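Knowing the structure of chain A, use the given hints to seat chain B on it.
Chains A and B, in that order, are what the protein sequence lines are. Numbering-wise (our numbering), the first sequence opens with residue 1 and increments by one. Numbering-wise (our numbering), the second sequence opens with residue 115 and increments by one.
The hints are simulated quantities; they were obtained by calculation from the structure and are not laboratory data. Misleading hints may appear alongside valid ones.
Each computed DSS-like pair below joins lysine-lysine, with the alpha-carbon atoms no more than 27 Å apart [as the list claims (entries may be wrong)]:
#	chain 1	residue 1	chain 2	residue 2
1	A	K18	B	K130
2	A	K3	A	K55
3	A	K70	A	K55
4	A	K53	A	K18
5	B	K152	A	K3
6	B	K130	A	K57
7	B	K152	B	K130
8	A	K100	A	K18
9	B	K184	B	K152
10	A	K3	A	K70
11	A	K70	A	K18
12	B	K130	A	K100
13	A	K57	B	K184
14	A	K100	A	K13
15	A	K13	A	K55
16	A	K3	A	K57
17	A	K57	A	K100
18	A	K71	B	K117
19	A	K100	A	K3
20	A	K100	A	K70
21	B	K117	A	K55
Beta-carbon label-pair distances, calculated as ranges [what the hints assert, rightly or not]:
#	chain 1	residue 1	chain 2	residue 2	range
22	B	D169	A	G96	39 to 49 Å
23	B	Q183	A	K100	14 to 24 Å
24	B	V199	A	Y10	21 to 31 Å
25	A	Y10	B	Q183	40 to 50 Å
26	A	F20	B	V160	49 to 59 Å
27	B	A195	A	K70	38 to 48 Å
28	B	K130	A	E56	25 to 35 Å
29	A	A107	B	T134	24 to 34 Å
30	A	P61	B	V160	49 to 59 Å
Since the model is a prediction, treat every value here as computed from it, not as a measurement. Each residue gets a CB set at the ideal place from its N, CA and C atoms; glycine is no exception.
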Amino acid sequence: DVKVTQSSRYLVKRTGEKVFLECVQDMDHENMFWYRQDPGLGLRLIYFSYDVKMKEKGDIPEGYSVSREKKERFSLILESASTNQTSMYLCASTQGHVAKNIQYFGAGTRLSVL
Amino acid sequence: AQKVTQAQTEISVVEKEDVTLDCVYETRDTTYYLFWYKQPPSGELVFLIRRNSFDEQNEISGRYSWNFQKSTSSFNFTITASQVVDSAVYFCALSEAYAGNNRKLIWGLGTSLAVNP
Chain A
1 DVKVTQSSRY LVKRTGEKVF LECVQDMDHE NMFWYRQDPG LGLRLIYFSY
51 DVKMKEKGDI PEGYSVSREK KERFSLILES ASTNQTSMYL CASTQGHVAK
101 NIQYFGAGTR LSVL
Chain B
115 AQKVTQAQTE ISVVEKEDVT LDCVYETRDT TYYLFWYKQP PSGELVFLIR
165 RNSFDEQNEI SGRYSWNFQK STSSFNFTIT ASQVVDSAVY FCALSEAYAG
215 NNRKLIWGLG TSLAVNP
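Excised from the complex, chain B in its bound form:
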């Protein structure tokens, strides 16, 4: 069965610290997609990154980086030099390209990140 686990419910850091948000997934499909979304206090989920199962390259975008490791079924997200504006709930999600249930995302429960000044 498909599943996404974000083991960290809440994280609190001080500004400028680095922080890693963990995401572990389960799937039987060989073709799948992984996503990260950010939900700031305003409520609207904002897309951050998508990765397909055949692309294990890590990605860096400014202070954000993602580490995709199929061997451990993980897609972790690191914020370098965190800022107060990074305070949000972050969701990891999985979708399977060819499964019968390929019309929906499987969502993790989210990690609430608080960055304190």
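The shape of chain A in the complex, shown without the other chains:
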């Protein structure tokens, strides 16, 4: 079974802190994604990576950066956390052609920025 693991289920941070959200997948997938999920707004893509060190902006990249130094790990970075980044963050991975393949999700990290 594919396993996508997000390092924290719940996280509380202060405004201005640098925040790292970590995601690891164990199926050698090329593609990894970071989404945020907010009530009434569904899932919105922040960034995705299609290979080590390769990344593309999604729909809402502002205020975020990412890092993919190893194939299995994809990190989301909030350089200076703000209250409007309080949200549920979901990591996903898929192999091959993104359009037709299943995305596998982690359990999510619920981030609160105070």
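Below, chain B without anything else, positioned relative to chain A:
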């Protein structure tokens, strides 16, 4: 432009009722894929079904069935004899095989289903 509309924001049913979740999509591509995912209260999205644009056969899996109709651009999901464990948010998503933006899914906003005992 691509778009997925799930018009039902919330549905509440009593156990054993049948319930249909609607999904309407827009795309200019002739080759595309449609997905349904389930997000239970635990938070992890779970894949339910994928359908490509050339396969209009309906699908049944246990109490779940899907009705894909290209003529109305719809991919509806029916749960027969619903159970409390079906309570979740259900998402419909679209991807286009050859569009320039073919690296991502277009997600609907989800339908929150509550099945009450």
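Status of each hint after checking the structure:
1. A:K18 to B:K130: 48 Å, violated
2. A:K3 to A:K55: With Cα atoms ~21 Å apart, A:K3 and A:K55 stay inside 27 Å; holds.
3. A:K70 to A:K55: This hinted pair holds, its Cα atoms lying about 13 Å apart.
4. A:K53 to A:K18: Roughly 21 Å between the alpha carbons, so the hint for A:K53 and A:K18 holds.
5. B:K152 to A:K3: 17 Å, holds
6. B:K130 to A:K57: Violated, at roughly 44 Å.
7. B:K152 to B:K130: 19 Å, holds
8. A:K100 to A:K18: Not OK: A:K100 and A:K18 at ~35 Å, beyond 27 Å, violated.
9. B:K184 to B:K152: 23 Å, holds
10. A:K3 to A:K70: Judged against 27 Å, a Cα distance of about 16 Å means the pair holds.
11. A:K70 to A:K18: Measuring from Cα to Cα gives roughly 21 Å; hence the hint holds.
12. B:K130 to A:K100: Measuring from Cα to Cα gives roughly 33 Å; hence the hint is violated.
13. A:K57 to B:K184: 31 Å, violated
14. A:K100 to A:K13: 37 Å, violated
15. A:K13 to A:K55: 26 Å, holds
16. A:K3 to A:K57: 24 Å, holds
17. A:K57 to A:K100: Holds, at about 20 Å.
18. A:K71 to B:K117: Not satisfied, since the Cα-Cα distance of roughly 31 Å exceeds 27 Å.
19. A:K100 to A:K3: 19 Å, holds
20. A:K100 to A:K70: Holds, at about 24 Å.
21. B:K117 to A:K55: 24 Å, holds
22. B:D169 to A:G96: 39 to 49 Å: Check failed, 19 Å falls outside 39 to 49 Å.
23. B:Q183 to A:K100: 14 to 24 Å: 20 Å, holds
24. B:V199 to A:Y10: 21 to 31 Å: 24 Å, holds
25. A:Y10 to B:Q183: 40 to 50 Å: Cβ of A:Y10 to Cβ of B:Q183: about 42 Å, so the range 40 to 50 Å holds.
26. A:F20 to B:V160: 49 to 59 Å: 26 Å, violated
27. B:A195 to A:K70: 38 to 48 Å: Hint holds: Cβ distance 46 Å, inside 38 to 48 Å.
28. B:K130 to A:E56: 25 to 35 Å: Taking Cβ atoms as reference, B:K130 and A:E56 lie about 46 Å apart, which means the hint is violated.
29. A:A107 to B:T134: 24 to 34 Å: Since A:A107 and B:T134 have Cβ atoms about 28 Å apart, the given range 24 to 34 Å holds.
30. A:P61 to B:V160: 49 to 59 Å: 27 Å, violated
The structure is inconsistent with the numbered hints 1, 6, 8, 12, 13, 14, 18, 22, 26, 28, 30, although it conforms to all the rest.
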